[in-house]
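There are 2 protein chains.
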Amino acid sequence: MQLPQSVTMREVGTRDGIQSLGAFVPTEHKIEMANLLAGAGLKRIEVTSFVSPKAVPQMADAGELMAALERRPDVSWEPLVPNLIGARKALDARSDRLVVVLAASDTFNLKNIRMTVEDSLRNVSEIVPLARAAGVPVSAGIATSFGCPYEGDVPAERVGQIVDRLIELGCDEVSLADTTGMANPLQVERTVGGLRERRPDVQFGLHFHNTRGMGLANVMAGLNVGVTVYDASIGGIGGCPFAPRATGNVATEDVVHMLEEMGIQTGIDLDALIGCAQRMSEILGHELPGQVMKAGPRAVRHAA
Amino acid sequence: MQLPQSVTMREVGTRDGIQSLGAFVPTEHKIEMANLLAGAGLKRIEVTSFVSPKAVPQMADAGELMAALERRPDVSWEPLVPNLIGARKALDARSDRLVVVLAASDTFNLKNIRMTVEDSLRNVSEIVPLARAAGVPVSAGIATSFGCPYEGDVPAERVGQIVDRLIELGCDEVSLADTTGMANPLQVERTVGGLRERRPDVQFGLHFHNTRGMGLANVMAGLNVGVTVYDASIGGIGGCPFAPRATGNVATEDVVHMLEEMGIQTGIDLDALIGCAQRMSEILGHELPGQVMKAGPRAVRHAA
Chain P
132 MQLPQSVTMR EVGTRDGIQS LGAFVPTEHK IEMANLLAGA GLKRIEVTSF
182 VSPKAVPQMA DAGELMAALE RRPDVSWEPL VPNLIGARKA LDARSDRLVV
232 VLAASDTFNL KNIRMTVEDS LRNVSEIVPL ARAAGVPVSA GIATSFGCPY
282 EGDVPAERVG QIVDRLIELG CDEVSLADTT GMANPLQVER TVGGLRERRP
332 DVQFGLHFHN TRGMGLANVM AGLNVGVTVY DASIGGIGGC PFAPRATGNV
382 ATEDVVHMLE EMGIQTGIDL DALIGCAQRM SEILGHELPG QVMKAGPRAV
432 RHAA
Chain S
132 MQLPQSVTMR EVGTRDGIQS LGAFVPTEHK IEMANLLAGA GLKRIEVTSF
182 VSPKAVPQMA DAGELMAALE RRPDVSWEPL VPNLIGARKA LDARSDRLVV
232 VLAASDTFNL KNIRMTVEDS LRNVSEIVPL ARAAGVPVSA GIATSFGCPY
282 EGDVPAERVG QIVDRLIELG CDEVSLADTT GMANPLQVER TVGGLRERRP
332 DVQFGLHFHN TRGMGLANVM AGLNVGVTVY DASIGGIGGC PFAPRATGNV
382 ATEDVVHMLE EMGIQTGIDL DALIGCAQRM SEILGHELPG QVMKAGPRAV
432 RHAA
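Read top to bottom, the protein sequences are chains P and S. Letter by letter, the first sequence follows residues 132 to 435 of the numbering used here. Letter by letter, the second sequence follows residues 132 to 435 of the numbering used here.
Hints are not guaranteed to be accurate.
Remember, identical chains collapse to one label, so a pair may be satisfied in a single copy or spanning two.
[What the hints assert, rightly or not] Calculated cross-link-like contacts (lysine to any residue; reagent style SDA-like; alpha-carbon spacing at most 20 Å):
hint, residue 1, residue 2
1, K242, A435
2, K242, R432
3, K242, A434
4, K185, F155
5, K242, V431
6, K242, H433
7, K242, D284
Calculated from the structure, these hints are not laboratory results. Only a predicted model underlies this, so the values are computations on that prediction, with no experimental measurement involved.
Go ahead and model the full structure; you've got the sequences and the hints to work with.
Below you can see the structure in the form of structure tokens.
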């Protein structure tokens, strides 16, 4: 296998992880967690979403949260923005980068954000100039890049077309998201490898869920085709909207543990990161899906 | 990646999975489960262990269990035998194959079975002729092949030496076991790839635990170096003896789901296998670590 020397982790726990939770997580806990994650060495944090509070009450404190974050030269706070209104708020809140998301399949996009993919792209075309005028870069996420729970397979050509459109519109990074855990490693190699070959100019990220246990296997496949930016969620929080007991995002500490064990640098303090996962478990009041937070890192020796 | 066309799964749930459970699982449930697994298409089942009932009360019903199994020409019932006494009982019980296990690290072997590795090899040298005289082949498992929780790293050379000895002694298959989930995919590629290159005559199997989330990633690495025999445990039952809440063996249905999604044939009916995992969850009375049993296979479409 061909592995990169270093990887950038993007933490999405306080956004993607917490967003789907029913009970409101107090703002002070979100602030504490975001600052702890930055302290552990996370350089990019998708910390919240400037979405309508009616649509997603859990994210209603986006402005308050952003205002309370520790600003550090080495940390990029990257909220999600669903539209121009959200983008304005996020820029007012001194975001370091904006994240826009749309799906590769119309059915999912309609169900998720009540727009066709074309309408979402029009949205992006409005957000990017605003952000760029403020000197803020925009990343785009493509949900259901590896399959749609309604439509099934999503052709790689379709994903490629959307990548092209997003880059044309001025996004400087595209993250391919496996929203409901449908990707397998062979598919990742083919789809992402093919995209990277066709568009070597594009900075790609990958966003995997562990819904069917293949999360870290898919990270390996992504590394092997040269992708060096990975989303993950502390403790593996979040879930699959279609299977109540199924897990969501890959756990940040599990990914970092695997990478560091293979000699790939992340710049993250694993022990501090495990501490974040344990604190998140305390805050949420239940066990989390992350494995390394339970088993401990490989390096721990047991007394004989 | 280089993937094989087909893979043989070895089910170890009723042995490795159940062995570590405190509460005795009734023999009738073990029989039911073993026969269900065979019915789902598992061709090799490490069904029990002919170990001392004092040492492992959970396996005290090995003889009764073996006597009640459905005998089918396509299913190999492969109990573990720790010594000559166990081997005799297992042969009397009409085992299709015997499994012997020893560790690559002395500290682990001493803690686990109170013998040095040399003593274990002497044990194997007594068991194999007995089995062969009865026309029964012997597989050997090497625990801690990818790291020892007491000693840390285990040199690949050490594992290679034990492989050589086991083959000399007449074992016809060697399974490399990641007993406490310490392997990472790069290590699997290097260790197993190196061994296969040096000993292309040896039939290797792999036995991974998901203790630190890397189970399926390690399976991928094993496939990529050409190994086609994988141990797994239905529902991912079992655990890590050093971390009470940590998971154990990779879940059979999660491995089969990944393989089938990538077009690798297993001969197993995935829906029936998920049914086995759900039944095992009922029998044990708690949720199991397997993911696909909660999320369902990728192929399931949700109504839009």
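Verification of the hints:
Taking the shortest Cα distances, K242 and A435 sit within 20 Å of each other only across copies (7 Å), while inside one copy they are farther apart (55 Å). In this homomeric assembly, K242 and R432 come within 20 Å of each other (Cα to Cα) only across copies, at 14 Å, whereas the closest approach inside a single copy is 49 Å. Proximity of K242 and A434 under a CA criterion of 20 Å is satisfied inter-copy only: 11 Å between copies versus 53 Å inside one chain copy. Proximity of K185 and F155 under a CA criterion of 20 Å is satisfied intra-copy only: 13 Å inside one chain copy versus 51 Å between copies.
In this homomeric assembly, K242 and V431 come within 20 Å of each other (Cα to Cα) only across copies, at 17 Å, whereas the closest approach inside a single copy is 45 Å. Taking the shortest Cα distances, K242 and H433 sit within 20 Å of each other only across copies (12 Å), while inside one copy they are farther apart (50 Å). In this assembly of identical chains, K242 and D284 lie within 20 Å of each other by CA distance solely inside one copy; the values are 17 Å within and 49 Å between copies.
In summary, the structure agrees with every hint in the numbered list given earlier.
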